[in-house]
Each structure stands twice: as structure tokens, then as C-alpha cells.
Amino acid sequence: MPSEPLHEEGLPESGSSAETTRNPWAEDVAPLMPQPTTAASPTAATAAAGVLEGRLHPYTLLFALIQVVRSVLLPAIVLLFVGNPRVAFGYLILFAALPAIFSLVRYFTFRYRIAGGELVTEQGIFQRTERHIPLTRVQDVRLEQGVLHRLFQVVDVHIETAGGQGAEASLSVLAQAEADRLRQAVFAASPALITAGEAAKNVGAGDAGPSASAGAARHEREVPVREIRLRDLVLAGLASNHLASSLALVFGAWAFVHEFLPRGFYQRHFRTVFRTAVRWWEQGGENSAWVLGVALLVLLVLVGMLMSVAGNVMLFYGFRLSLRGEDLHRVYGLFTRRASSLPRRRIQVIKIEESLPRRLVGLATLRADTAGSAAATAGQERTGRDVLLPVVPRAEVEPLLPAFFPDLDPEPPDWRRVSPRAIRRGAGPGTLLCLLLAGGLFYLRRDPATALAPLLPIPLFWLASALAYRRLGYALGLSYLWTRRGALSRATHVVPIRNIQAILVRQTPFDRTHRVASLRVDTAGQTYTGGGPQIGNVPAEDALALARTLARQAAHVRYRW
Amino acid sequence: MTTISTTALRETPPEPEWVALDPRVVPLWRVSHLIASGVLFLFAVVPGTIVGTFVFPPAWPWIIGFWLALAALRIWLFFWHPPRVYRAWGYRIDDRVLEIRHGILFRVLQLLPLSRVQHVDVQRGPLERRYGLASLILHTAGTHAAILTIPGLDAAEAVRLRDRLIAVAESGGDDAV
Chain A
0 MPSEPLHEEG
10 LPESGSSAET
20 TRNPWAEDVA
30 PLMPQPTTAA
40 SPTAATAAAG
50 VLEGRLHPYT
60 LLFALIQVVR
70 SVLLPAIVLL
80 FVGNPRVAFG
90 YLILFAALPA
100 IFSLVRYFTF
110 RYRIAGGELV
120 TEQGIFQRTE
130 RHIPLTRVQD
140 VRLEQGVLHR
150 LFQVVDVHIE
160 TAGGQGAEAS
170 LSVLAQAEAD
180 RLRQAVFAAS
190 PALITAGEAA
200 KNVGAGDAGP
210 SASAGAARHE
220 REVPVREIRL
230 RDLVLAGLAS
240 NHLASSLALV
250 FGAWAFVHEF
260 LPRGFYQRHF
270 RTVFRTAVRW
280 WEQGGENSAW
290 VLGVALLVLL
300 VLVGMLMSVA
310 GNVMLFYGFR
320 LSLRGEDLHR
330 VYGLFTRRAS
340 SLPRRRIQVI
350 KIEESLPRRL
360 VGLATLRADT
370 AGSAAATAGQ
380 ERTGRDVLLP
390 VVPRAEVEPL
400 LPAFFPDLDP
410 EPPDWRRVSP
420 RAIRRGAGPG
430 TLLCLLLAGG
440 LFYLRRDPAT
450 ALAPLLPIPL
460 FWLASALAYR
470 RLGYALGLSY
480 LWTRRGALSR
490 ATHVVPIRNI
500 QAILVRQTPF
510 DRTHRVASLR
520 VDTAGQTYTG
530 GGPQIGNVPA
540 EDALALARTL
550 ARQAAHVRYR
560 W
Chain B
0 MTTISTTALR
10 ETPPEPEWVA
20 LDPRVVPLWR
30 VSHLIASGVL
40 FLFAVVPGTI
50 VGTFVFPPAW
60 PWIIGFWLAL
70 AALRIWLFFW
80 HPPRVYRAWG
90 YRIDDRVLEI
100 RHGILFRVLQ
110 LLPLSRVQHV
120 DVQRGPLERR
130 YGLASLILHT
140 AGTHAAILTI
150 PGLDAAEAVR
160 LRDRLIAVAE
170 SGGDDAV
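The listed protein sequences derive, respectively, from chains A and B.
Under numbering that gives the first Met the number 0, the first residue of the first sequence carries the number 0, and numbering increases by one thereafter.
Under numbering that gives the first Met the number 0, the first residue of the second sequence carries the number 0, and numbering increases by one thereafter.
Isolated chain B, as found in the complex:
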């Protein structure tokens, strides 16, 4: 199988090892899943059921059945999705290039020459702070891929990575014309 995440990547020998995200990001994603499900429940399930039962009372078993199926799907996603996404994410960095990979079905590999980094943000949302995590946001001068993100890094590690990236970006390339 030739896929981005398996064989082909291992075929280039001098590449550094892929670094995984901090494992604490899995519970973090689960919590955000819960929050999303809660919002869905509040704004779709409850009003939908009430309105549906009033408009067409005999339909209530179907409505309940539909919501149960949806709930089952969300529960399955809650357990299955975060670890799977976690395994898909990865980054690696050598002296010149940062590579980021992610995506389960649609796989994406982003390669960023370090001398192209314009600036780097470390972003910590309220949930991330609770888990001691941070996201690294890299800006380039590009257009459609001008912003690259690495989520779920240990906060201290994110800062360290940022400093390293900035140091490399400042030292720049060889300036060969």
C-alpha cells in the first residue's frame, strides 16, 4: 500500500522520526465532542422532538428512534474518532523543513520550509489551558496555505518549538542567488 502515512514516508531514510501530539489531546477532543453533542441536543433534539410530536403525534416513536440512532452515532464517534485522529496527526522537523500530516479519510501532508516562517503564535484556549496544552500556529506569506496549525502540544513543548522555529527562520537560508 502506498499511502502518505505509511510506506512512502519511510522510504526516505534520513528523515527524522514522526512526533506524535501530546496524548492528553484525546480527552480534550472527547470533551469538545461532548460539548458539541450538548449543543446539538439543546438546539436540535429537544425542539425537534417537541415540534414533531405536536405537529404529527403518531410519529413520536420514529422521532425517538431517529434521535437514538443519532445518539448512538455520536457515542461511537466519541470513543472512536479522537484516538483515530490522534494517530493521523504528526509532525517532524529537521534543520530545514517542518512537515505536518493529518486527516483520516482525506490525508494531508504540509511541508513548510523553515525560512518561510513569517511569525509563530502559541494559542491556548480555555480547554487547552485546563489540559496544559497549546496549539502552534505558523504563518507564511502564502495565500491558500498561509496558516498552518499543530494542535495538542504540551504547553512547554509548544513554546520550545516556537523558539526553535523562530531561531531557524531568522538564521534563514544560504541566500544563494
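The shape of chain A in the complex, shown without the other chains:
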């Protein structure tokens, strides 16, 4: 059991979550943030000198215990009811003992230290594992505090690097002050302005030279970038796409109840409801049945909306995004508070996402990918890691972008459209299908009225295609590439050309007959931005010219992790 010490699944990640200390309210978020100036400077000094070391907080054991109990609880209940209690007890001991021993070993052997530009973690008895993480490769430091963590003033710390599978190092749990010191030390040692090459040299030589200057830069004042008002959160919740999913949930629950309830009970109640409905129907004729049905539907919709509002508010309450030196900090959550920091130059792509319902209320979502997010696991929506800024009024997005991309071209993007053949190609397949259908119907029925019916949606296809075409486009700035698509639901990608890894120009046989090509840009990490920017139906010559320009320009600048 101690021989696979790097596995983190057993640790209290799922149930835990992050919160700040005493209260969940926005103003009190501060403890998760670094203490502004005076208090922090001694820590920074230690970090620069390369001595920060420690071990897990004793409460780790408590949280491990909770985790074990929780993982065993459900099987325990099932086994107690179904099987022989004595056998069940034996199984439970076995299942509980292994993770418990693992946690004990982990707690007593785990050490970490920051030295020579690396974060080093060690653990294990028989197989000692020592992991060295160059601080220049750290993409993101996340702090999480569940309600219990908040009570005990401890934090889960997850450190992510480029290309790692999930968190490269998880320190759970640490005392709050300790976590802050660790986070500061990590970022103090990875100054924004050294190149990957220099950094490699520094790491190689064990020289912490540039850390000092960077450390100074780190302690600039915290500049708030954006806070999310409760009003916007509620609005976004109302206008989210959860309606369908909550309907599905209700139907699923109904099927479940149907399976499990005793037949008589179920029938009795159903009959009562049915009888009431019949009485109403007899009293008021057809209309009241309609009223009943509509009322039910409205109720469902309302419940769905309420659920998504509640979910949104719980996850993102008190959201605050701020900038300290070169690092972006995000703090959010009502019960479980989460905080994460990432150097802003690590942002690979930004996506401005406007789903149709949110667009109607004038809101957008900002997503960003770092090189570390490529390997992120599923279920990130529940932790809010997939969004950089969950809700923001659309009109305020562009003024915010320089906070993430300081060298963003000052002029607004000069959008270029793709080939107008995109309209034809967009509407073509639907039109063809409708024509075939109409032809088939005419052949079978010889009735013009029936046969013409399938032709009705054709103008709609062309309208939709034309609308989509008008919104489809790309813009090449001095050092940024923009792409946008979608008429009803919209997506806009912003990519710094320095982050482009490769460029692909593709031509299908159909593309060739229309003399167009599609262009796709590859960047590190495209998990949250949905596959990154790609644009089709670009006139072939433009696509090639654009690809060459991008490639040459990207080659000029060295890529930094």
C-alpha cells in the first residue's frame, strides 16, 4: 500500500472544498489571498533564500478519517441490510483499513520543501518517492476549503504543472497560513520575465538569483479586476441551459420512484391525484385540464430555474478576480470557498462564450486555458475551474481583456469574413435533403400540396446560414489572432500568437471545388475553451497566407511555459 504514494484519489478532495475562514461573505475572502505587504515580506525573504519546508497539518488525519467513513458508509448500509452482518463487518474492516493505513503512512512520511527553484515532495516508507517540480513549470496553485476545512482553518493545496495528469502535487491539508506562504513562495520563484531557457539554467545551477527581483514584483498592490454582482449571478442562473437537464432529472426521479415504491401506495396516491383532476375536468370542461397541465409545466420550469440559480450562487458567490503583479487570483464560493492563482502569461487561449439565453440578458462567460489544463479531469464544472470569469456583462468584456493579455493590440480587431460560399455550403445539405424528400413524396402521392410541404424550411436554412456567415470571421492583430463564430450562440477566441504551437490548413475535396480551406491553430491546453480556434471556408490563398504569417511570427518568439 505505501508503494503507490502518488495517488491522490483517496484524499478528501471530493467532499472537501475550499473556504476562507470565518465567514463566507465576500469581504472576508481575504485570508485566502496573500496578506498584502508587511506581513508577507518575511515569508518572501525566506522563499527567495530557498528555505521553506514543512509537512502536512495534523488535521490531515481527521480528514482522512472522514473520507474513509464516507467511502465505507454506503456499502456498510447495503451490506448490513442484505448480507450476513459478520461477513459484512469483515469486508468493511478490510475496505476501511487499506485507505486508513495509506493515509497514516502518507501523513507521517510526507515532507515538502521549496529549494533551488524547485518544489520537492517526499513520501513513502519502503518505496520512497521524491518528486521535483521546477517552479517555473507551475501553472496554477489552487486552494480549496470545504465547510469543515473552514471550521478547522486548514486548506487543500493543489499544484498543477504543464502536461501533468491532474494535480502534480496535492498537499491536503495544510494550515491556512502555511498554504499562503507556500503559494507565495511558489510564485515568488517563478518570475514572469525570465525565459524558459534562463529558467532552466537557473534551475540547473540551483541558483535563486532572479527570484529576489521577482519577489519584489510579486508584492505589488492587489488590483481588483472584476467582482461579480449577485444580480448577475441570479440572472445568469435564470438564463442558463439547465432547464433541459432539470427536466431530465425530474423524469429520472419519477422513474426511480416508480420502481421502488410499493405498488399500492403508488397507485393510491396516483388515483387521488387522478380523481381530483377528473373532478376539475368535469367541473370546468377541457380548459381546466389544460390549466393543470400548463401549471405543472410552469412549475417544472420554475424548479429548474431555481435549481440553476441556487447552483450558480452557491458555486460563485462573492466571486472576485484580482491581479497582483503578474498573478491572477480568483476567490469564490458560498459554502465551499475556492481560490486559485495563476500567472497571467500562462493563459494560452481565451474564449468569450455567449450562449443564446445569456446573450438575451446581455451576459457572457470568459473561459481560459493554461498549458496545465490539457490533462484536467471531468467534472470541472462543479468546481468552477473551467471558467475564468463565470458571468460578465458582454459590453464589459473587451475592456477587461488587457488585464489578461497586457500586450493586447490596442485597436479593436479588424474582422475579415470568410468566403461567401460558406452560406451556400451551410444551407446546401439541408436544402438537398428537403428537395429529395419533396421529390420522393411527389413520386409517391402525386399530390402537390403534400409534396411542397418539405420545401418550407428551405428559406430558414438559408437565413440561418447567412446569419452564421455574417458572424463568422477572423482578425489578425499585431500579436493576437481572433476568431469568432455563431449567430445565436456565439464564441470568440483570442489567442496570443506567441502561444501558437502549430498551424494546420486542411482541404477536403469539397473545399477544393469551392477553393477554400479550413485553418486550425494548435495551442497547449484546449480543455475549457472547447478545442481552440478553428475557422473554415477561408479562401485557400488567404488561409495559406494567414498560416504562413502566423507561423513565422510565432517562430520569432520563444514559447514560455
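Among these hints, one or two may not hold up.
[As the list claims (entries may be wrong)] Heads up, incomplete: computed chain B residues facing chain A, CB under 7 Å, no partners named:
| # | residue |
| --- | --- |
| 1 | F105 |
| 2 | L111 |
| 3 | A140 |
[Stated by the list, open to error] Derived Cβ-Cβ restraints for the label pairs, each shown as a range:
| # | chain 1 | residue 1 | chain 2 | residue 2 | range |
| --- | --- | --- | --- | --- | --- |
| 4 | B | L33 | A | P356 | 35 to 43 Å |
| 5 | B | D162 | A | L61 | 36 to 44 Å |
| 6 | B | F40 | A | P428 | 36 to 44 Å |
[Stated by the list, open to error] Which residues of chain B face chain A? A few of them, derived with a C-beta cut under 10 Å, are:
| # | residue |
| --- | --- |
| 7 | D93 |
| 8 | D94 |
| 9 | V96 |
| 10 | L104 |
| 11 | S114 |
| 12 | R115 |
| 13 | V119 |
| 14 | H143 |
| 15 | A166 |
| 16 | V167 |
Keep in mind that the hints were calculated from the coordinates and are not lab data.
Yeah, the Cβ is synthetic: ideal placement off N, Cα and C, and Gly gets one too.
Add chain B to chain A, keeping to what the hints say.
Leaving out everything else, chain B in the frame of chain A:
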């Protein structure tokens, strides 16, 4: 005609010439075609014919006919496909960018800024070794196009290319911020 492989590419004057793969890759691809056909014959044709004739004996002329058609297709592919693919493949490299093109029906042009190369592998399978060839495999930090391949290079040429790519990647860009 504006296609990737013809007019448009020639319109940008300072670009270097396209380099073709080593011609020995054509017989290599033919051999792999043969191997694939052999596997197909062993695992599909023989059992298919036996089972088919036993289950429905009168169908045997149809089964034979189908296999003959398939064989004809494979023979035609054997002669036509490798040279055609060979002509579609090409790469060129200047001081900053490596371009790779391939594909007959679906054409692909990959552009790789040399400063983005993370590492380079030279790969030689048993067949490639027999023909004195090698494949160059380039890795970037990207996601969906993180691995680019140039097959069918002369072994010595592949090593030379690798060293050149690494040298450029290490010297990096201008580091303009």
C-alpha cells in the same frame, strides 16, 4: 485551380523548394500493402469463403466473385496508391518554419514554428531499417497536433534533419516580448 499543393504555394516567392521523401519509400509502402493484403486474406477471405460455402453452398460463385473484385481493387491500390501518396508528401524548412504537406483527397498542410519543437525522435521500424529509411517525429507542447511525422526519409538525412531542427529550436526566437 487553387489547391494547397499547386498555385497558392508557388505564389509566395521567398519560400524554399518542397523536398520530396526518399523514393525508396514507395517499395516500402508496397511491401506494407502486401502484408496488409496477406493479413486480410488469412483472417477474412479464407474463413469467409469456407463458412459461406458451408452455410449456403449455391452462393460460392458470388463469394469467389466478390473476393476476386476485392483482390483486383487491392492490386490496383498496390500499383497506384504508393506513388500517388509519395507525390502528395513533401516538406520544406527555412530558418524559422517547417512545413509538411500530405494527403491525396484530404489535403493537409502543417506549419510548425521551429522554436516550438519540444523534442524530436528518429524512428526506424524493421521494414524501414531494411530499406535504409527512417521517420522523423516532432513533438510540440500542443494538444491535437502535438505530434507531427515525416515518414520515409533517408536514415542519414533524418539524423541530419533532426540535428538541424534541434539546433534551431535551441537557439530559439528573438525573445521579443
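Structure-based check of each hint:
no.	hint	in the structure
1	F105	6 Å, holds
2	L111	5 Å, holds
3	A140	4 Å, holds
4	B:L33 to A:P356: 35 to 43 Å	58 Å, violated
5	B:D162 to A:L61: 36 to 44 Å	57 Å, violated
6	B:F40 to A:P428: 36 to 44 Å	39 Å, holds
7	D93	9 Å, holds
8	D94	8 Å, holds
9	V96	4 Å, holds
10	L104	5 Å, holds
11	S114	5 Å, holds
12	R115	5 Å, holds
13	V119	14 Å, violated
14	H143	6 Å, holds
15	A166	14 Å, violated
16	V167	9 Å, holds
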